[in-house]
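2 protein chains.
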Amino acid sequence: MDNLLTDLRQQFPADRIQESASAKAAFQSDGLTAFAVQPRAIIVPRTSDEVVQAVQWCNKHSVPFVARGSGTSLSGGSLPHAEGIVIALNRLNRILSVDLPNRLAVVEPGVINSKLTTAVEHAGLYYAPDPSSQHVCTIGGNVAFNSGGAHCLKYGMTSNHVMAMKMVLGDGEVLQVGPRMGEPLGPDLLGLMVGSEGLLGIALEITVKLMPKPESFHTVLAGYRSLQDAGAAVATIISSGLLPAAMEIMDHLSMQAATAGVGATYPAGVAAVLIVELDGSQEAVAEERILLDRLLAETGATEVIVAANAEERASIWKGRKSVFSAVGRLTPDFIVQDGVVPRSKLGYALQRIEELSQAAGIPVANVFHAGDGNLHPLIMFDGRKAGELHRSEELAAQIVQLCIDLGGSITGEHGVGMEKRQFLAGMFDEASIECMRRVRLACDPLEISNRGKMFPDAEAPSLGMYGLHPLEAAGIASRM
Amino acid sequence: MDNLLTDLRQQFPADRIQESASAKAAFQSDGLTAFAVQPRAIIVPRTSDEVVQAVQWCNKHSVPFVARGSGTSLSGGSLPHAEGIVIALNRLNRILSVDLPNRLAVVEPGVINSKLTTAVEHAGLYYAPDPSSQHVCTIGGNVAFNSGGAHCLKYGMTSNHVMAMKMVLGDGEVLQVGPRMGEPLGPDLLGLMVGSEGLLGIALEITVKLMPKPESFHTVLAGYRSLQDAGAAVATIISSGLLPAAMEIMDHLSMQAATAGVGATYPAGVAAVLIVELDGSQEAVAEERILLDRLLAETGATEVIVAANAEERASIWKGRKSVFSAVGRLTPDFIVQDGVVPRSKLGYALQRIEELSQAAGIPVANVFHAGDGNLHPLIMFDGRKAGELHRSEELAAQIVQLCIDLGGSITGEHGVGMEKRQFLAGMFDEASIECMRRVRLACDPLEISNRGKMFPDAEAPSLGMYGLHPLEAAGIASRM
Chain A
7 MDNLLTDLRQ
17 QFPADRIQES
27 ASAKAAFQSD
37 GLTAFAVQPR
47 AIIVPRTSDE
57 VVQAVQWCNK
67 HSVPFVARGS
77 GTSLSGGSLP
87 HAEGIVIALN
97 RLNRILSVDL
107 PNRLAVVEPG
117 VINSKLTTAV
127 EHAGLYYAPD
137 PSSQHVCTIG
147 GNVAFNSGGA
157 HCLKYGMTSN
167 HVMAMKMVLG
177 DGEVLQVGPR
187 MGEPLGPDLL
197 GLMVGSEGLL
207 GIALEITVKL
217 MPKPESFHTV
227 LAGYRSLQDA
237 GAAVATIISS
247 GLLPAAMEIM
257 DHLSMQAATA
267 GVGATYPAGV
277 AAVLIVELDG
287 SQEAVAEERI
297 LLDRLLAETG
307 ATEVIVAANA
317 EERASIWKGR
327 KSVFSAVGRL
337 TPDFIVQDGV
347 VPRSKLGYAL
357 QRIEELSQAA
367 GIPVANVFHA
377 GDGNLHPLIM
387 FDGRKAGELH
397 RSEELAAQIV
407 QLCIDLGGSI
417 TGEHGVGMEK
427 RQFLAGMFDE
437 ASIECMRRVR
447 LACDPLEISN
457 RGKMFPDAEA
467 PSLGMYGLHP
477 LEAAGIASRM
Chain B
7 MDNLLTDLRQ
17 QFPADRIQES
27 ASAKAAFQSD
37 GLTAFAVQPR
47 AIIVPRTSDE
57 VVQAVQWCNK
67 HSVPFVARGS
77 GTSLSGGSLP
87 HAEGIVIALN
97 RLNRILSVDL
107 PNRLAVVEPG
117 VINSKLTTAV
127 EHAGLYYAPD
137 PSSQHVCTIG
147 GNVAFNSGGA
157 HCLKYGMTSN
167 HVMAMKMVLG
177 DGEVLQVGPR
187 MGEPLGPDLL
197 GLMVGSEGLL
207 GIALEITVKL
217 MPKPESFHTV
227 LAGYRSLQDA
237 GAAVATIISS
247 GLLPAAMEIM
257 DHLSMQAATA
267 GVGATYPAGV
277 AAVLIVELDG
287 SQEAVAEERI
297 LLDRLLAETG
307 ATEVIVAANA
317 EERASIWKGR
327 KSVFSAVGRL
337 TPDFIVQDGV
347 VPRSKLGYAL
357 QRIEELSQAA
367 GIPVANVFHA
377 GDGNLHPLIM
387 FDGRKAGELH
397 RSEELAAQIV
407 QLCIDLGGSI
417 TGEHGVGMEK
427 RQFLAGMFDE
437 ASIECMRRVR
447 LACDPLEISN
457 RGKMFPDAEA
467 PSLGMYGLHP
477 LEAAGIASRM
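Protein chains in written order, with our numbering: chain A, 7 to 486; chain B, 7 to 486.
Honestly, the hints are just simulated from the structure, not real lab data.
For every residue, glycine included, the Cβ atom is placed at its ideal position computed from N, Cα and C.
Check before you lean on any hint, since a few could be wrong.
[Said to hold, decoys possible] Lysine to aspartate or glutamate pairs mimicking EDC-like chemistry, simulated, CA-CA at most 20 Å apart:
#1 A:351 <-> B:318
#2 A:172 <-> A:105
#3 B:351 <-> A:304
#4 B:172 <-> A:440
#5 B:219 <-> B:360
#6 B:172 <-> A:436
#7 B:219 <-> B:289
#8 B:160 <-> A:440
#9 B:172 <-> B:285
#10 B:172 <-> A:435
#11 A:172 <-> B:436
#12 A:172 <-> B:435
#13 A:172 <-> B:55
#14 A:219 <-> A:317
#15 A:160 <-> A:289
#16 A:215 <-> A:285
#17 B:30 <-> B:105
#18 A:160 <-> B:285
#19 A:160 <-> A:285
[Said to hold, decoys possible] Covered by chain A, according to a simulated footprint, are these stretches of chain B (three or more residues, beta-carbon under 8 Å):
#20 286–297
#21 414–426
#22 429–438
Using the sequences and the accompanying hints, generate a full structural model.
In structure tokens, the structure reads:
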């Protein structure tokens, strides 16, 4: 290895390579998962040519690599490989061009999601995909995991907003994917790449759609007597034909977290709140609001708070988006889950999660993209207490299995990554997984691009579902 | 070959194999293109297992195959390979299941597009993608070419409506692509398959979205003094933020064709008509109509005819959708082109096409999906006149090149097929084409699935851009 690193140092200016113990520690984990693996070194390229050079160097020496933006993956997706290097894309953070008439922007992968909107809002435009981590996460990471967000209900996931990409495949080839003008033509390589979790290559330049900011918003917070009632309301609203921009549910624990974290306030005495946002022209919103009011009343909303202005709207969203980070105020440790159930089964799924939670003696907070049926149970535990970690992991696995059993998905937007490799076979038949692997080999014959992720039996560090056991042993569990 | 066919006959019941000269002649061409290649034999499976068996037999004996539905390809996409067999999917025409609450249907690939709507309209639902050939073409073919249609402006192409597929890869492996619930997860194999023109495998069961039929329609036929004015109106309407369900342009030759073909009537003295359809709730349509009326007036519409009822609406669409088949009444021969230009360049592109047409002395009718910038020039000629065929082919190539030069696409919805292989390199860089080829090899290592299509230098029958020369020699050109 020393020889290899010596060679690496000769290829790049000194400030591009980090090898210190503190640097390796800074890159050992990601997001809210507790996996921790230290890389051999970190490369911090300044140009896309340097990224290509790094990938080609990895190919020459069969060294695994993982591209990393802000490291906000919630599935261990940007975890380093112990034999590999990290290619940190944070300095590739330039907005390369903005084409206002055609509503397109070309960005480097390290651009922070919300900074793109900041750069174009003077023209009445915005970038629609809005993960809760949008002020931190990078568009490159969003592309790798096809990230969603509260407003993806109406506006679609990242894949609906990426029009083209320049990228480097795992084997070091540089190519432009995505036909011009977004017209589909031939095998859809662009669609293949978005969401492939870094296993096929690295995005270098990303062309994204910009959208006109809606003229008008109507944002309400509706209180319900039970979480199940709120879940059932979502199915009713969608069945009515109404397509809100966003529909989110927070249960009482999530509300507590948001109150503790950012001082958000909620109606007293409700078990859950449903946030519904309508957007569009003033006329359309006014029209839809009448229907929404009726539906909220019919589904048993006990209190409906309407955001009177942009500040109140921002405040509702600030509370909602703070939950993942704020829940740490209520519990020493937690696991964020991410699963999907058919909307028609939301009420039942929430009831089963509550039952599983009680049986395990582990509280679960629920805050989620209800319109998509995309659950985000927050499993709250204290890793210092004997057995709690183990029971929490079991509970998380039971919830994932519940999603599979109900005909849903093991992930809505956080990806498979390291966390859910063993569940992939619950979603796809063997021939599909084999086909994915062959496609991977077509792009990355050495399987060095984000090696060890997604595929269940790939060579990889042997970590538990949450990687907690090795960390617990190392006393790191409580930093989750 | 005799031995091979003998073996084939032993694998299938006699009524599954067709080898007569008349059968081979019936399968030698497709759609409106003039390519003609006869296959060695045609297999007509009755079940998806028989399709798999046929593909596996082809692999065992390295025999190229092409899956074919109704053969309405407009790019030679379903043309047989001279050394290969046709797998005709017409008997796989069952709607396997309809799930009304979740608005999904599972169909076999040979189901005729419009028959799916017929089967579900009692429940207020329909299948949205509507190619002009929808009463003839199959959903399997739509999947292979990611077909569009007039209403794809608002509702998207076939790829936006396919949720999952059971398929057989080129190598004979059977797999289920597409995550359950449409939740994106991992490399998007489903997206990769849709639009891959039969080069990766054959769809066996297709799960598609059904949509609620809009409550209300507003369909207008607006006359313009020039084709360029109509083209410019489209850019203005889209820029206004209005998103009609469809926006189609017909020029005077197309109107003549529709009048001759199905008796359609158009305002007197206009050079072009713009068909605009709004749909949605009554309130939304009423609201949008006010804006549309203003925009049509501002863009110089000289006459606006509003469909007063469902019959008049159907009549407008019948005229529009008849043009491809009706244009044969105006000219002995024609070539249907399919290209895309940015909407902002529509007016300029139409003017250039007119200039190219005049320079060549070959009339061009224009009827097209204007909202998408998707041109369908109909190049009208008489193959019996010396040199006309050659000049028409040159003109078609000039129009394709114009689309490339304007930053558009060589195909909007008809595909690359046999027709446009040599233009692929105008759309994608070498590394992209190589990546597509490697993905193809991952699914079909013998490259027998629709061999000879899409890739520019693949082994294939040597036909001209339109395959007209060999046909002209054989006296078939006039059947186009």
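Comparing the hints with the structure gives:
1. Distance restraint check for residue 351 of chain A and residue 318 of chain B: the Cα-Cα separation of roughly 43 Å exceeds the 20 Å cut-off, and the hinted pair is therefore not satisfied.
2. Under the criterion of a C-alpha separation no larger than 20 Å, the hint pairing residue 172 of chain A with residue 105 of chain A is consistent with the structure, at around 17 Å.
3. Of the supplied pair hints, the one linking residue 351 of chain B and residue 304 of chain A is violated, its CA atoms being roughly 50 Å apart against a limit of 20 Å.
4. With a CA separation close to 15 Å, the supplied pair residue 172 of chain B and residue 440 of chain A stays within the 20 Å bound.
5. Pair hint residue 219 of chain B plus residue 360 of chain B does not hold up; C-alpha atoms about 38 Å apart against a cutoff of 20 Å.
6. Only pairs whose Cα atoms come within 20 Å are accepted, and residue 172 of chain B paired with residue 436 of chain A is accepted, the gap being roughly 13 Å.
7. The suggested pairing of residue 219 of chain B with residue 289 of chain B holds, with an alpha-carbon distance near 15 Å, which does not exceed 20 Å.
8. About 36 Å separates the Cα atoms of residue 160 of chain B and residue 440 of chain A, which puts this hinted pair outside 20 Å; it is violated.
9. For the hint linking residue 172 of chain B to residue 285 of chain B, the alpha-carbon distance of about 33 Å lies beyond 20 Å, and the restraint is violated.
10. Between residue 172 of chain B and residue 435 of chain A, the direct Cα distance comes to roughly 11 Å. Compliance with the 20 Å bound is thereby established for this hinted pair.
11. Restraint check: the Cα-Cα separation between residue 172 of chain A and residue 436 of chain B comes to about 13 Å, which is no more than 20 Å; the hinted pair holds.
12. Straight-line distance between C-alpha atoms of residue 172 of chain A and residue 435 of chain B comes to about 11 Å, which keeps the hinted pair within the 20 Å bound.
13. Under the criterion of a C-alpha separation no larger than 20 Å, the hint pairing residue 172 of chain A with residue 55 of chain B is inconsistent with the structure, at around 40 Å.
14. Taken as a hint, the residue 219 of chain A and residue 317 of chain A pair is honoured in the structure, with Cα atoms around 16 Å apart against an allowance of 20 Å.
15. Proposed proximity of residue 160 of chain A and residue 289 of chain A is supported: the alpha carbons are some 18 Å apart, at most 20 Å.
16. Distance restraint check for residue 215 of chain A and residue 285 of chain A: the Cα-Cα separation of roughly 18 Å lies within the 20 Å cut-off, and the hinted pair is therefore satisfied.
17. Annotation: proposed proximity of residue 30 of chain B to residue 105 of chain B is violated, straight-line Cα distance about 39 Å (limit 20 Å).
18. Pair hint residue 160 of chain A plus residue 285 of chain B holds up; C-alpha atoms about 18 Å apart against a cutoff of 20 Å.
19. At most 20 Å may separate the alpha-carbon atoms for a hinted pair to count; residue 160 of chain A and residue 285 of chain A meet this at roughly 10 Å.
20. With 4 residues bearing a CB less than 8 Å from a CB of chain A, the segment 286–297 of chain B meets the requirement of three and the coverage assertion stands.
21. Here's how the segment 414–426 of chain B fares: 7 of its residues keep a CB closer than 8 Å to some CB of chain A, so the rule of at least three is met and the hint holds.
22. Chain A is given as covering the segment 429–438 of chain B, and this holds because 6 residues of the stretch bring a CB closer than 8 Å to a CB of that chain, at least three being needed.
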